[in-house]
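Student: Heads up: the sequence shown is residues 71 to 325, going by the numbering used here.
Keep in mind the hints are simulated off the structure, nothing from the lab.
Be a bit skeptical, because a hint or two may be false.
[To be verified] So the derived label-pair ranges between C-beta atoms look like this:
#, residue 1, residue 2, range
1, G214, S304, 28 to 34 Å
2, T134, R264, 15 to 21 Å
3, D313, D279, 40 to 46 Å
4, R264, P186, 36 to 42 Å
5, K146, S213, 16 to 22 Å
We put the beta carbon where it would ideally sit given N, CA and C, even for glycine.
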Amino acid sequence: MLWLELEGAVNIRDVGGIPTDDGGTTEPGRLLRADNLQSLSSADISYLVDTIRLNTVVDLRTVTEVQAEGPAPLTKYAQVKHVHHSLLPEHAWGANSGDALLTRRAQEQARYPADPTCAHYLGYVEHRPDSIVGALRAIAESSGPALVHCAAGKDRTGVVVAFALSVAGARRDAIVRDYAATGERIVAIVERLRSSATYAEDVDRVTLDKHRPRPESMAAFLDQIDARYGGVHSWLAEHGFGDDDMGRLHGKLRG
Numbered sequence: 071m072l073w074l075e076l077e078g079a080v081n082i083r084d085v086g087g088i089p090t091d092d093g094g095t096t097e098p099g100r101l102l103r104a105d106n107l108q109s110l111s112s113a114d115i116s117y118l119v120d121t122i123r124l125n126t127v128v129d130l131r132t133v134t135e136v137q138a139e140g141p142a143p144l145t146k147y148a149q150v151k152h153v154h155h156s157l158l159p160e161h162a163w164g165a166n167s168g169d170a171l172l173t174r175r176a177q178e179q180a181r182y183p184a185d186p187t188c189a190h191y192l193g194y195v196e197h198r199p200d201s202i203v204g205a206l207r208a209i210a211e212s213s214g215p216a217l218v219h220c221a222a223g224k225d226r227t228g229v230v231v232a233f234a235l236s237v238a239g240a241r242r243d244a245i246v247r248d249y250a251a252t253g254e255r256i257v258a259i260v261e262r263l264r265s266s267a268t269y270a271e272d273v274d275r276v277t278l279d280k281h282r283p284r285p286e287s288m289a290a291f292l293d294q295i296d297a298r299y300g301g302v303h304s305w306l307a308e309h310g311f312g313d314d315d316m317g318r319l320h321g322k323l324r325g
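Using the sequences and the accompanying hints, generate a full structural model.
Tutor: Next comes the structure, spelled out in structure tokens:
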């Protein structure tokens, strides 16, 4: 794992170098994970487009978020393919008042009462399997480096990257560590989101500590995928991501 120090993104890193079950590592320069890309500077763009030759951006935000934030700087570059796969039902974003919020929280809690974050992540696989599969397929089919991002680069991005690393044969403890690494930048992430009218109200609903990713949540989520669906590979196969897809994704991340 290698942090990229950019001016306009605070939670961007290369997921190469992740230890695998067979004693190897994931290949660097194949998959990046990031927070919102709206504030990339010209130097950031030059690095991503000209230096590392970024090929594909996978945006996991909702349509509402994308419209509220406006066109991202990288969308101006024809050599960078953009695909959009929201991990949230479109009606859910912004439905944060009164009964709607209480109902959603109750539904999430019921999925896995022991860990609300794990319960929230299970909602992604229940409600948007199409988007998870689409995101992974876009990564696998990218002819160059791919980048997956959401708003914070923590929850939605964390789940997609955890699935990708699972297909690559990454060790479970290493997947959890990669997820938790976002905590190293959580203060900067929250400050950046708070400066956006799109995210400020939602960010301030909970304390900073509540935003910090807990390794136990990702470990519980992957354990629940095993218990409920027979594991990541079985879940993906059930939703149309077959052996050829998994082979391409494995090859993409392992070289």
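Student: Confirm or reject each hint.
Tutor: Hints, one by one, checked against the model:
1. Taken as a hint, the range 28 to 34 Å holds for the pair G214 and S304, whose Cβ atoms sit roughly 30 Å apart.
2. Hint check: T134 to R264, Cβ distance near 19 Å, so the stated range 15 to 21 Å holds.
3. Between D313 and D279, the C-beta spacing of about 42 Å keeps the proposed range 40 to 46 Å intact.
4. Between R264 and P186 the CB atoms are about 22 Å apart, so this pair departs from the stated range of 36 to 42 Å.
5. The supplied range of 16 to 22 Å is met by K146 and S213, whose beta-carbon atoms lie about 20 Å from each other.
Hint 4 from the list above is the single one not met by this structure.
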